[in-house]
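*Asks:* All chains should be built: construct the whole structure from the sequences, respecting the hints.
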Amino acid sequence: METSPVATEDRPRCSPAPPPAPHSDAHAALRDSAGVGLAFLPLGLAYGALVTQSGLEWWWAGLSAALVFGGSFEFLLIGMVAASAPLASIAVSALLVNVRHVFYTLSFPLHRVGGRLGKTYSTYALCDEAYALTTGERASAWSSRRILWLQFFLHLYWAASATVGALLGSFIPDRVTGLDFALTALFTVLALDAVRDLRGHLATPVLAVLSALFARLLFPGQMLPAAFALFTAALLGRRLATSRTPRHA
Amino acid sequence: MPDTRYAIAAVLVSAAVTWALRALPFAALTPLRESGTARYLSAHMPAGVMVILVVYCLHDLPVTEARATAPLVALAVTVGLHLWRRTALLSILGGTATHVILASTVFAH
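Chains as they are written, first to last, in our numbering: chain H, 1 to 249; chain F, 1 to 109.
FYI, nobody ran anything at the bench for these hints, they're computed from the structure. Yeah, the Cβ is synthetic: ideal placement off N, Cα and C, and Gly gets one too. Treat the hints loosely; a few may be bogus.
[What the hints assert, rightly or not] Selected chain H positions facing chain F (in silico; Cβ < 10 Å): (1) Ser-24; (2) Gln-53; (3) Glu-74; (4) His-101; (5) Gly-114; (6) Gly-115; (7) Ser-144; (8) Leu-186; (9) Leu-192; (10) Arg-239.
[To be verified] Restraint-style ranges between C-beta atoms, simulated for each label pair: (11) F:Gly-80 to H:Phe-214: 23 to 31 Å; (12) F:Arg-67 to H:Gly-221: 49 to 57 Å; (13) H:Gly-55 to F:Glu-65: 25 to 33 Å.
*Replies:* Spelled out as structure tokens, the structure:
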């Protein structure tokens, strides 16, 4: 494995062209994806193990991880498929759990991803973690290729670890439980980083917690979409209220 | 075991719905991007969205039972490690390992 060409840009540009940009974009994306991506491993292993424990074939874990690529819904999908739920109710559940992605389109930097194919893949692989990483402050200068490579690496980690988890699932003793906490830990880390980017706008996370708790109390069956709708409404309300007073950003 | 064709169809249906939700709104919402309100939302949504997902993960926590201790301790470990070292991998592995150990031993049911 080559080392990262850190000094490439400082080198004088002589006739044999320097290593093409894709190479360093892939390297950078590999590093960007490392923290969150490696957290996919315990989660993907848990997912794959759960698939086989639920009586589904091992390849189904890899197939669903690669094609759906939405971790939280996939965990629900296992139970529904194992219970042979009607396809229509699977579609409705996918809609309700994943409707949060509609909100991601407001801030995901798709305008920085080039080409029809690139944009197509970028929307296909727009998971929570890709959204969190690409909307962070660090990501504001990332190139199209760097974003796409990042999404590809996340996609790869998830599909591969789910497949491996399904193949190894039978070796995990039944007494070992609780690997699914990796999802909670992952969102916790992403939340802490995103809150830090807000630089003291603590009203935003407080509004988010309140929206989630209200949604839990009022719409326990559809907590997630209700919480996102309440939160968006609360942000819009706050924006209306503060845009009338002088702002100091 | 469910029928293979059904299991594949379930994946395809889920993938189609998920992709539609990820791709179609761009066409409708892109014109709004230039507005100040959209910029405000895009600055504040990522943090709120992730906070909501954390609460969602914990929403069926049996707060009145002893076994709720495992996720709460693991959450504290995750937050503590992350505030201390700011290394995503360390925080996630530390929190998950704490949870697996507690849930598999002390709070095993």
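*Asks:* When the structure is checked against the list of hints, which entries are broken? Sort them ascending.
*Replies:* When the structure is compared with the hints, numbers 1, 2, 5, 6, 7 and 12 turn out to be violated.
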